[in-house]
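Take the given structure of chain F and dock chain S to it, following the hints.
These protein sequences, in sequence, are chains F and S.
Be aware that the first sequence starts at 852, since it is given in my numbering, and climbs by one per residue.
Be aware that the second sequence starts at 852, since it is given in my numbering, and climbs by one per residue.
Please note that a few of the clues may not be correct.
Pairs count within a copy or across copies, as identical chains cannot be separated in the list.
Claimed, not checked - In the SDA-like style, the derived pairs of lysine to any residue whose C-alpha atoms are separated by at most 20 Å in a straight line are:
id, residue 1, residue 2
1, Lys854, Leu987
2, Lys854, Leu959
3, Lys865, Ser979
4, Lys854, Met901
5, Lys865, Asp984
If you are wondering where the hints come from, they were derived from the structure by calculation, not from laboratory data.
Number of protein chains: 2
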Amino acid sequence: MSKITETVVEADQKLPIIRMTRDFAATPEHLFRAHTDPALFARWVGPDAMVTRIEHWDARTGGSWQYVSVRDGVEYRFHGCFHEVRPDRIVQTFTFEGDPDGVALETLWFDDLGDGRTRLRTQSLVDSFESRDAWLRSGMETGVDEGYAKLDRMLIDGAV
Amino acid sequence: MSKITETVVEADQKLPIIRMTRDFAATPEHLFRAHTDPALFARWVGPDAMVTRIEHWDARTGGSWQYVSVRDGVEYRFHGCFHEVRPDRIVQTFTFEGDPDGVALETLWFDDLGDGRTRLRTQSLVDSFESRDAWLRSGMETGVDEGYAKLDRMLIDGAV
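Next up, chain F with everything else stripped away, as it sits in the complex (with noise of 0.2 Å):
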């Protein structure tokens, strides 16, 4: 299996659904903890001229999250719950509070290549293509890989 080090981004085709696939050099347990412990997901969610501040954070089955992004003194808003999180999967909503309607169902898993390596997988459901195509547009594919370079070396510097 090939190696994926920049993260692919797809639109479906038929549904409303962004697709993301990117492989990281730590096992499941290391990369389902950078996303489920709040001062490591902190850490590197977000394009780089952001800081990341939870708000509140209770990642399990059931629970919910807040947090807060800032660049140049603009805050941005982000809140959501947590439908499951288990060791392979974490199934989540999430709003921008920019657009308090919006609500996306994120399914991320963890899938493991062996050799300390794992495929992280997500997707992105709403409920038109016009919010789709919005998302797609908004740069966000840039504050993703940006995010996920410093979790790259978050994960080479053993801080995870």
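Structure of chain S alone, referenced to chain F:
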């Protein structure tokens, strides 16, 4: 606006969504309470032949829920989280534990029609047309209709 006293169930042509619409002789406040108070909810949800027991219930933004419905001694378990709970709209996730990897993102709107009547609109979004169509074929409409008929009677009796 004409009255919708039977549940109208629609499958979206282009999205994996089931939509339902039904009017109730109740204010939005009463209908909201019937969906958020666990003792009331357990009395009307599901088909006539089932008895529902609430296992966990925290109907707040960021809360979660879990219930068991029993028919002829067989238990059907369901769980999800409340993404957002506000007087005019509830957004929540939904899983039937017989299909543990299947997750629906549900939105309920309580539209005030005036004169003590409210239109309930619901939308259930899943990530494939196969899952959506399997739900439609499962006989869920009967359960929904019987449940709303019970709710109608509770509203008439002043039980809500």
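Hints and how they fare:
{"no.": "1", "hint": "Lys854 with Leu987", "verdict": "neither (24 Å within a copy, 40 Å between copies)"}
{"no.": "2", "hint": "Lys854 with Leu959", "verdict": "within (18 Å within a copy, 42 Å between copies)"}
{"no.": "3", "hint": "Lys865 with Ser979", "verdict": "both (11 Å within a copy, 9 Å between copies)"}
{"no.": "4", "hint": "Lys854 with Met901", "verdict": "neither (28 Å within a copy, 51 Å between copies)"}
{"no.": "5", "hint": "Lys865 with Asp984", "verdict": "both (13 Å within a copy, 15 Å between copies)"}
Going down the numbered hints, you'll see the structure goes against 1 and 4, while the others check out.
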